[in-house]
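*Asks:* This is what each chain is made of:
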Amino acid sequence: MEAPPYAVFLFPSVSHTLKAEKILKARGTPHKLIPVPRHISSDCGVCLRVAVEQQELAAEALQDLVNWERMVIL
Amino acid sequence: MKTTVDARGLACPQPVLLAKKAIVENEEVTVLVDNDIAVENIRRLAAKTACGFSVTEKEGGVREIALVRTGATGHPPVDADAVAAELSCTVVPEKETGSNVVVLSDNHMGRGDDVLGDVLIRAFIHTLAQLKPLPATIICYNAGVKLAVKDSTVLDDLQQLAQAGVDILVCGTCVNYFGLGDQIAAGRISNMYDILETMAGAARLVRP
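Those protein sequences? They're chains F and W, same order as listed.
Going by our numbering, 27 is the number at position 27 of the first sequence; the sequence numbering is gapless.
Going by our numbering, 118 is the number at position 118 of the second sequence; the sequence numbering is gapless.
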């Protein structure tokens, strides 16, 4: 389990995830690319994790640029 | 002479002190204890005093320890007094690291596509930090040393692993080759001797 509260953004593909990561990096939003937690999906996928307090900022940054499938609070 | 010491329910260091007294006075001693710390202390006593040691699990968590003097009969075991100074009454913490060794020989996971390989190695190391038991050691060599630099995307995971007791060996030759001498931010610089000894002594090598 992740210790502090985090939000994860799940994308339709690895390419979407990487595109989203580039956007967050350019914006200076702290984030981390991690495997999709087991309890969310058993797929071998990756997702972007941000601190809960960064969640809205991140969502705003990604708006209209890259679609995400789901946002889950860990 | 033989004797039996019932040290069940006694607090540390009573069991080992009673065992010590008994083995000084007897050739063979049976000690009954009910906790691991007592077993370990008596095991240490046996090692220090050159006594034979064996332990048998009994019902209800009781352990029956057999101590037999292996030195010249009729003489008290040597160094028995020194043992008291080395008693440990603290609970041995459960070991968090196992004896597997993870080898990071590249800063990508797998071959075929480096963009994908970068995604995979980051996911691998993040997951590694949550593995139970943790590996005993992580070895970084060749481009794997780039994972341990200041601006590495997996630096926080490697630092977390190091903090949890995982020894991270970073190949010095490789660091030098890539000119990263002042940028290593996780683990310790190591050499081929340590790296090969660690790999050769590993229970298992795990590679991404």
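Source of the hints: derived by calculation from the structure; they are not laboratory data.
Nothing here was measured: the structure is a model prediction, and the numbers come from that model.
Where hints are given, some of them may not hold.
[Stated by the list, open to error] Partial pick of chain F residues on the chain W-facing surface, computed with a CB cut under 8 Å:
hint, residue
1, Leu10
2, Val14
3, Ile34
4, Pro35
5, Val72
6, Ile73
[Unchecked claim] Counterexamples of contact, computed for chain F against chain W with all Cβ distances above 12 Å:
hint, residue
7, Thr29
8, Gly45
9, Val46
10, Glu56
11, Leu57
12, Ala59
13, Gln63
14, Val66
15, Met71
We put the CB at the ideal spot given by N, CA and C, even for glycine.
*Asks:* Hint by hint, where does the structure go against what was stated? Just the numbers, ascending.
*Replies:* 1, 5, 6, 8 and 9
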